[in-house]
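Two independent chains are provided; combine them into the complex using the hints.
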Amino acid sequence: MPTEPLEHPSLVTCIVYGLLISAVLLGFGIAAVSNPQRVPGRLQNFFEFTISGLRNLFMGLLGPNGAAHVPVVTALFLYILLANLLSVTPGKAPTSNLSVNLGMSIFVFFYVQYWSIKTKGFAGYLKHFTGPGIWWLVPLFLVTEIVGALAQPLSLAMRLYGNIYGEDYISYIVTHVVNPSHIPAQILVYFLMLFTGVLQAGIFALLSSAYIGLATADHSHDGEHGHTEDAILSGTTASH
Amino acid sequence: MAGIYFGLLALGAALVLPLAAIGAGIGQGMAAFSALQGIARQPEAADKIQTTMFICLGIIEALAIYAFVIFFILFTKFPTAEQVTQLLTAH
Numbered sequence: 054m055p056t057e058p059l060e061h062p063s064l065v066t067c068i069v070y071g072l073l074i075s076a077v078l079l080g081f082g083i084a085a086v087s088n089p090q091r092v093p094g095r096l097q098n099f100f101e102f103t104i105s106g107l108r109n110l111f112m113g114l115l116g117p118n119g120a121a122h123v124p125v126v127t128a129l130f131l132y133i134l135l136a137n138l139l140s141v142t143p144g145k146a147p148t149s150n151l152s153v154n155l156g157m158s159i160f161v162f163f164y165v166q167y168w169s170i171k172t173k174g175f176a177g178y179l180k181h182f183t184g185p186g187i188w189w190l191v192p193l194f195l196v197t198e199i200v201g202a203l204a205q206p207l208s209l210a211m212r213l214y215g216n217i218y219g220e221d222y223i224s225y226i227v228t229h230v231v232n233p234s235h236i237p238a239q240i241l242v243y244f245l246m247l248f249t250g251v252l253q254a255g256i257f258a259l260l261s262s263a264y265i266g267l268a269t270a271d272h273s274h275d276g277e278h279g280h281t282e283d284a285i286l287s288g289t290t291a292s293h
Numbered sequence: 007m008a009g010i011y012f013g014l015l016a017l018g019a020a021l022v023l024p025l026a027a028i029g030a031g032i033g034q035g036m037a038a039f040s041a042l043q044g045i046a047r048q049p050e051a052a053d054k055i056q057t058t059m060f061i062c063l064g065i066i067e068a069l070a071i072y073a074f075v076i077f078f079i080l081f082t083k084f085p086t087a088e089q090v091t092q093l094l095t096a097h
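Residue numbers (the numbering used here), protein chains in the order written: chain R, 54 to 293; chain E, 7 to 97.
Only true hints are included.
Pair by pair, the computed Cβ-Cβ distance ranges are:
{"hint": "1", "chain 1": "R", "residue 1": "Val-251", "chain 2": "E", "residue 2": "Leu-42", "range": "19 to 29 Å"}
{"hint": "2", "chain 1": "R", "residue 1": "Gly-144", "chain 2": "E", "residue 2": "Tyr-11", "range": "33 to 43 Å"}
{"hint": "3", "chain 1": "E", "residue 1": "Thr-86", "chain 2": "R", "residue 2": "Trp-189", "range": "52 to 62 Å"}
{"hint": "4", "chain 1": "E", "residue 1": "Gly-9", "chain 2": "R", "residue 2": "Asn-232", "range": "33 to 43 Å"}
{"hint": "5", "chain 1": "R", "residue 1": "Phe-163", "chain 2": "E", "residue 2": "Leu-23", "range": "29 to 39 Å"}
{"hint": "6", "chain 1": "E", "residue 1": "Ala-96", "chain 2": "R", "residue 2": "Phe-248", "range": "47 to 57 Å"}
Now the stretches of chain E that chain R is said to cover, found in silico as 3 or more residues with beta-carbon under 8 Å:
{"hint": "7", "stretch": "54-61"}
{"hint": "8", "stretch": "72-83"}
Covered by chain E, according to a simulated footprint, are these stretches of chain R (three or more residues, beta-carbon under 8 Å):
{"hint": "9", "stretch": "109-117"}
{"hint": "10", "stretch": "207-221"}
{"hint": "11", "stretch": "257-269"}
Quick caveat, the hints were computed from the structure, so don't treat them as lab data. Think of the CB as a built atom: it goes at the ideal place given N, C-alpha and C, for glycine as much as any other residue.
With the rest of the complex left out, here is chain E (with noise of 0.2 Å):
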């Protein structure tokens, strides 16, 4: 059961990340796709456009941030080396 639980809790801190990263990615990308295509045609409005953009990026970027908190929550869970070879004697 212990190594089960191990597996699965380094097969999350493994993926909770990239999967955030991913939408993460997408949604600033087409954040800055629309702000440049925005700044591209009018370049007089480049400062305001900049600024909304620059929070649009920290709202978007908050998902991916909690998605590396709770890696840290899940890293500090991780078995210690003793542990593991305890599990590795065990079977």
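One chain only, chain R, in its complex shape (with noise of 0.2 Å):
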């Protein structure tokens, strides 16, 4: 075993590594769709491809009227994806650092609100708050709400970096325990990398997705709402 804990990424490092991944994602789209042709050429067509199927992930969660937040989310799972896919090369993930993922589901948060006020108006994110109107519910509810929706963005951000960092340190001690000169044991440990980092993306991409989805639900219908989970379960089938 090795005596020492597995190092996070330093601040500096998952800056670099962020500002290059942006850097990747943006020369590639830009280069995708600077000239669109009527018959796509290989990376046109690599990049419709991928966004169309992402697209049709996240609308089913987004609801109806959700084109407008599917960049968004798009954004955000391409970009922790390839942050995730670094852990496999000889860099460190930046998503291995908890201020990060800190960082990317306070933003997450703060659009939810703002859409929530968007739509509702803020009397009715204000009603929103309160339950399904029962008055003596209204400060069990009241709690309830403020904790869940503050809960959002932490358990975002926690999930994402105790998947990721927790298989760092697998194959940091892998690497430990086993003599690397002998076998490259940590090779087994990557195809598990391979699937959380794509996995963890999409689930962080698709939760976010889930929440909008939720903040700017048309409430004219009595629909069950203000429960994360009721509504996720809910949310296919609400789509159509």
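Structure below.
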């Protein structure tokens, strides 16, 4: 067993890698759309396929009028995906630092609140915290809703951090337990890292889109709302 | 006293993840069970069920991940080798 705990990547490393990922994404994105063809080339084809697939995935949770939020969620997904996959390379994944994840999830939090106010109006936004309108349940709902809203960014960030840092830790321990000159034992861990990296990027983006879809849902019908898990379960069925 | 403190610390660090894993494992198993059943009965709804299942698994998994993060917090408080030898020689 290694005696020293695994260090988190420093903030400077995270910022440099983050800028690098942004540059790569921006570069490929601009290259793909700068000269659009009727019969798409290889790069344009790849991007169109990826983006339309992701769009279909997120639109199911964002609801019928959620097309405006697709770019935000897709950008989050692609950024986190590339950041997670950096842990397979000699570099370090920026998402194994909690501050990076908190930055992204706090952005999602304010984005959700902003669009919640914009769709429901400020009065409707405040009313949403008081529950279904039974007066003696209002204090209970007030506490539950506010704690629930504040727990969203924390759980988003903690989930991503725990998964990515945990995997880095497993590969760190494996490299110390097995003599690395005999067999590259961490190759087996790398498959797990690839799988979880993609899955966690997807879960972060899907949960963000579920939160946004909840906040911007049309409340003219009397549906169940306010409870994240309930609404996520009904989110896919409510989309049609 | 220090011996009891470090003993309880080791016990807590050893138990936090298994206990969380038992609960999360049962929860994820039930979610996957229902999703598989749903897909088997209605294969055309597989896409929607899969997306929802992954989100549910993510929410359940978060509980185990919290325990994992707590494990790391406890792990940094473990005594070093010098502290352990000091404790042993003191008795």
